[in-house]
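S.K.: Residue numbers (this note's numbering), protein chains in the order written: chain A, 1 to 322; chain B, 1 to 322; chain C, 1 to 325; chain D, 1 to 325.
Since the hints were made in silico from the structure, they are not lab data. All of these numbers come straight from a predicted model, not from anything done at the bench. One or more of the hints may lead you astray.
[What the hints assert, rightly or not] Just a sample of chain A residues kept apart from chain B, beta carbon distances all over 12 Å, derived:
1. 4
2. 149
3. 152
4. 228
5. 320
[Claimed, not checked] If you want a taste of the chain B side facing chain D, the calculated C-beta under 7 Å gives, among others:
6. 122
7. 126
8. 272
9. 275
10. 315
11. 317
Note that beta-carbon positions come from the ideal geometry of N, C-alpha and C, so glycine has one too.
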Amino acid sequence: MQVSKDKQWEMLRTLLLARSFEDALVELCKVQGKIPGMMILCTGQEAVGSGVCAALSPEDVILTNHRSHSHLLAKGADPRTLMAEIYGKATGCNRGKSGTLHLAVPEVNAPCTTTVVGGGLPLAVGFAFAQMYRQERTVTVCFFGDGAADEGSFHEALNLASLWKLPVIFVCENNLYAGAQRYEEHTRVQNVADRAGAYAMPGEIVDGNDALAVYEATRRARERALGGLGPTLIECKTYRCRGHGESDPQHYQPREEIQMWTEKCPLPRLHGEMLAQGLITPQELEALQAEVDRLVQDAVRFAEESPYPEPHEALEDVLVAS
Amino acid sequence: MQVSKDKQWEMLRTLLLARSFEDALVELCKVQGKIPGMMILCTGQEAVGSGVCAALSPEDVILTNHRSHSHLLAKGADPRTLMAEIYGKATGCNRGKSGTLHLAVPEVNAPCTTTVVGGGLPLAVGFAFAQMYRQERTVTVCFFGDGAADEGSFHEALNLASLWKLPVIFVCENNLYAGAQRYEEHTRVQNVADRAGAYAMPGEIVDGNDALAVYEATRRARERALGGLGPTLIECKTYRCRGHGESDPQHYQPREEIQMWTEKCPLPRLHGEMLAQGLITPQELEALQAEVDRLVQDAVRFAEESPYPEPHEALEDVLVAS
Amino acid sequence: MQQLGMGQAVNQALREEMQRDSRVFIAGEGVGVSIHDSPMLPTAGLLGEFGPGRVKDTPVSEAAIAGLAVGAAAAGLRPVVEIMFNPFFTLASDMIVNHAAKLRYLSGGKSTFPLVIRMKSGAGFGAGCQHSHNLEAWVAHCPGLKVIMPSTPADAKGLLKAAIRDEDPVIFIEDMMLYFAPGPVPEEPYLIPIGKAEVKREGSDVTVVTWSKMLGVAMQAAAQLAEEGIDVEVVDLRTLVPLDKETILQSTRKTGRLVVLHEASRTGGFAGEICAVVMEEAFGSMKAPFRRVTGPDIPVPASPPLERFYIPDATKLVAAVKEIV
Amino acid sequence: MQQLGMGQAVNQALREEMQRDSRVFIAGEGVGVSIHDSPMLPTAGLLGEFGPGRVKDTPVSEAAIAGLAVGAAAAGLRPVVEIMFNPFFTLASDMIVNHAAKLRYLSGGKSTFPLVIRMKSGAGFGAGCQHSHNLEAWVAHCPGLKVIMPSTPADAKGLLKAAIRDEDPVIFIEDMMLYFAPGPVPEEPYLIPIGKAEVKREGSDVTVVTWSKMLGVAMQAAAQLAEEGIDVEVVDLRTLVPLDKETILQSTRKTGRLVVLHEASRTGGFAGEICAVVMEEAFGSMKAPFRRVTGPDIPVPASPPLERFYIPDATKLVAAVKEIV
Ligand SMILES: Cc1ncc(C[n+]2csc(CCOP(=O)(O)OP(=O)(O)O)c2C)c(N)n1
Ligand SMILES: Cc1ncc(C[n+]2csc(CCOP(=O)(O)OP(=O)(O)O)c2C)c(N)n1
Ligand SMILES: [Mg+2]
Ligand SMILES: [Mg+2]
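My request is simple: use the sequences and hints to build the entire structure.
M.R.: Rendered as structure tokens:
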């Protein structure tokens, strides 16, 4: 099935936006003391967030993890409040409580983000249970890494989701590394998707650098979920082009490997095809790039100009009522 | 391959012993206040313990769970100190600290028993790691239930054991129930053994009421392990003929189902074949039965006559040195 | 008034709240079909009344059970899930401590987590330390959680109903032994506010602060001591977090003497918090050293005489009170 | 004397013990190949020296890591495993609390579990509450575990070596911020006994009991207060369990005043234990209310001004001391 021009544009736009956003962060991180905490980027993996979110409705829920930027931007999060949160500013989407690691944007149905590896998986069961309980026509997507697939939480969550046929899509972003461990150093199973069988759940492998393929797989999984057929495990094969975090010297990642994957970059992959098919013109592409760059510059300016929270604001937001 | 007569006798003896031991407990539990705690029996499942342990060397380690009697007796544990522990007596194998639920018998390389469902699985990784580290020619067996296969600990343990090719045999005793939940009410995967593939580990299904089949499967898995080929997951299909514990009225277990499985009892299954093949005579069988019954009566007498621990002994055995 | 065990009182609370609010559901191991038959148990009969859509038996998967609650709460339902025994809290603790308690804060106050985790606690049934291990001090040391530990069936009912209606995550700990000790429970609907201690016995000589099953021990000791002319005030915390400092301070300022009684092991137990609060805010009124009467620093042993040795009793409490009066 | 950060001191302890005893191995996430480059980190270089047989990188599987330690210890090895950050202790807590701490007791003293769990703790690196959450009070409330929380590189080295040689399970908690604050460490081999506090500064007016990173705050405040004529005695616990009551009591009997300082959140923190011990055994000597200076009852926030607000500092300690002197 041909993906509509609009959808392709939407994906291209979020791909460009995520990349521009993170490219800005790479530079900002070089300024000592500007960005607090650990900076974790998804450069090279953006097709996963873009492809998945393009297949969702605004009411669908996503749960992301420490590597969240492309997921959140693709779901529609405002780059300004995201950037401000990353700076630790009062205008940040989480008022400075989260910082860069647990960016949560309930406004776009990304209601909570956990950086406990694997932590999102049991939460997804709860969100999807609520969707089924209320007979909504919505699904929950949980993004997680290949490393997370070794946590006990993965196992318990997939078993329960399958047992109750919950409307959830488990999206494993296999970027070939979990911290400094290569995939084959942390498990012997050839594909994470092969684990789906352990829960009598369909498992699908897609090229995680191909936004269109990710989109199609998500669309199918979403239809299954809405049809009452239960969850799907989708494994997106991709690559972490930068270090685990910005302070990681990447000694353990072979230069040629990084090079090879950089050549498979999901951005030219999509706009190359779109150009070839005449879905976009070079001028339009340039204009789109300029538009997202402006958004990012604006977000950085917003974050820079925003105040830090007052120290005592730390005491707020713990409980609704105490 | 024909299993030797000696081995068959050994298995038959431990089958009869475990059954006799537990039949005594059924009666003792009816006496109000005699046996403290929850009494959990393995009636009908004894072929698993007997078959597995017959394939092990004395130096091999077993880790068992809340349903431990047949495993421990088959590994050679003294019925007297087991029974005394079940009574909560000072002469019990664990000085009254454990009671019936965590019977540990380091003397026969059953060094610690956990009743946290699934808890034995990560421990088994540690024992097997030590065996490999010291280049011993020994293996570790971990017994667990079908319910335990839904715990996160199962997943983490099997992944790590496979990754490091540890000499461990994971023996799942699928007795069709986890508490009051039927197997198909707690997971959708058809067989627990089907999960082995999720760890690139061989999985094998055996008739858990056939001691000879269990023995053979264990022997093969042990050879694999000693040959450096790593762990095996063996699923023994069997049935919990009594309730989860002795206070369970078993409302949820269909009478016909219990009846059907009672007819598949592992004791006549083995001695029937042995009689047919002339490996044992009716008189020898009767004598063997009488022998184990005497052992059990002696164990009960020992437990009855033993003193309770002094209250302050509760303070001992926490730390080696404090 | 109706006489109910605490399990029955919990059962009534669950039933009433499920009838009142269709967002409330329960989940856990054996909360529907059970290996037990007794009508004294908290979830007896609920499956029949509310059906399998709202009474969810789960696999043996504590992390998934807790995660279910956290996610469903954030999505607007009112989960009440059960962790069968307090030691298994460990297996759910990441979901409860790093998620239920923190995700609201991490969202900057945007998401809410109105959930209840019910757990059975307490020694006395011979099951040993992997089933009996009181860890209320753990959850009480976790900002973002509320912690309730009722001592009577009536309190349990009113507090559980309040917990289910609360907007924040609540840990609700039931001592199993209390299931089988009937007490009066009002028939008409009522709630008991979270965060209020109750003086269960007024007295002037010494304050005993306690909670859960140990209230019975405190009342028994108080009766004994009364015969010897020692007048004990018994403060039942009911809620550990938020802690009702007012009531504790009022009582200790009056009596000038403090004994804290809990079943959990001694070192690091919640008694320390009470001692600290009193020494911060009522030092001037205190006339004598404090005493803690607690389980010893050992795991709970299984054998009956050992287990009895573990559980604090009236004799130990009487002795401790006499040391400081 | 050599000047080392605490990570380097830990590194030396690991190296020396691995050289001495072939049963010692280390395991954890990134203990071999790491995403970090710094020689200041605890396991830097050990993979190269001891090889992949004894330096085991594991999958992201905290329960399996802890279970590996428990099983291997019972089988006679000497595991030293790492749980990367204190909040992830939750995921390993069943293996540590229900297994490492209890299985010896459950065996009637027959099995032993000589293992060390190393964990990084402490706020100050802007990662937020799922990475920064001091939970030493949890492990200190668990019979069967020993708990060490060193404040200086020299203490860390001597205590870790003692922990590795100890026959019981030991939780060893390192504040990450101390990795980057060099201090003197003796070159010659030495051990520091578990269970002994150290008076890091003698004084006569008030006792400050503290541990880990907060020692630096205490020493700084003591120096400030000295200028105002207030003479502070600083007791560094070093080991939380077993607790060195003698040293605490000796000091508080002398000064008659107690402030406890820790980074963990306030309610249910280990300060309560210290307050209780002193009120049980040194009531007669106490001249003033106690004070606790701790993190507030909130998760650790990420934004720099909020995180600074969270972490107790010398200003807060000075103020607390002045309230009671
Ligand atoms: C429970 C837990 N353990 C360890 C960590 C530290 N940690 C953060 S990210 C990470 C690697 C995760 O790998 P993967 O799931 O593949 O995600 P990726 O970083 O590759 O996107 C680790 C170990 C953590 N945050 N949570
Ligand atoms: C972590 C944990 N959760 C719950 C329990 C309570 N429990 C004891 S046995 C059991 C059922 C276990 O089923 P299975 O693993 O199939 O073993 P079986 O009893 O059938 O031998 C449960 C839920 C427990 N002991 N530990
Ligand atoms: Mg990865
Ligand atoms: Mg079973």
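S.K.: Now tell me, hint by hint, if it's right for this structure.
M.R.: Now for the hints, and whether the structure bears them out:
no.	hint	verdict
1	4	holds (35 Å)
2	149	violated (9 Å)
3	152	violated (2 Å)
4	228	holds (14 Å)
5	320	holds (30 Å)
6	122	holds (2 Å)
7	126	holds (2 Å)
8	272	violated (38 Å)
9	275	violated (40 Å)
10	315	violated (10 Å)
11	317	holds (4 Å)
When each numbered hint is compared with the structure, violations occur for hints 2, 3, 8, 9, 10.
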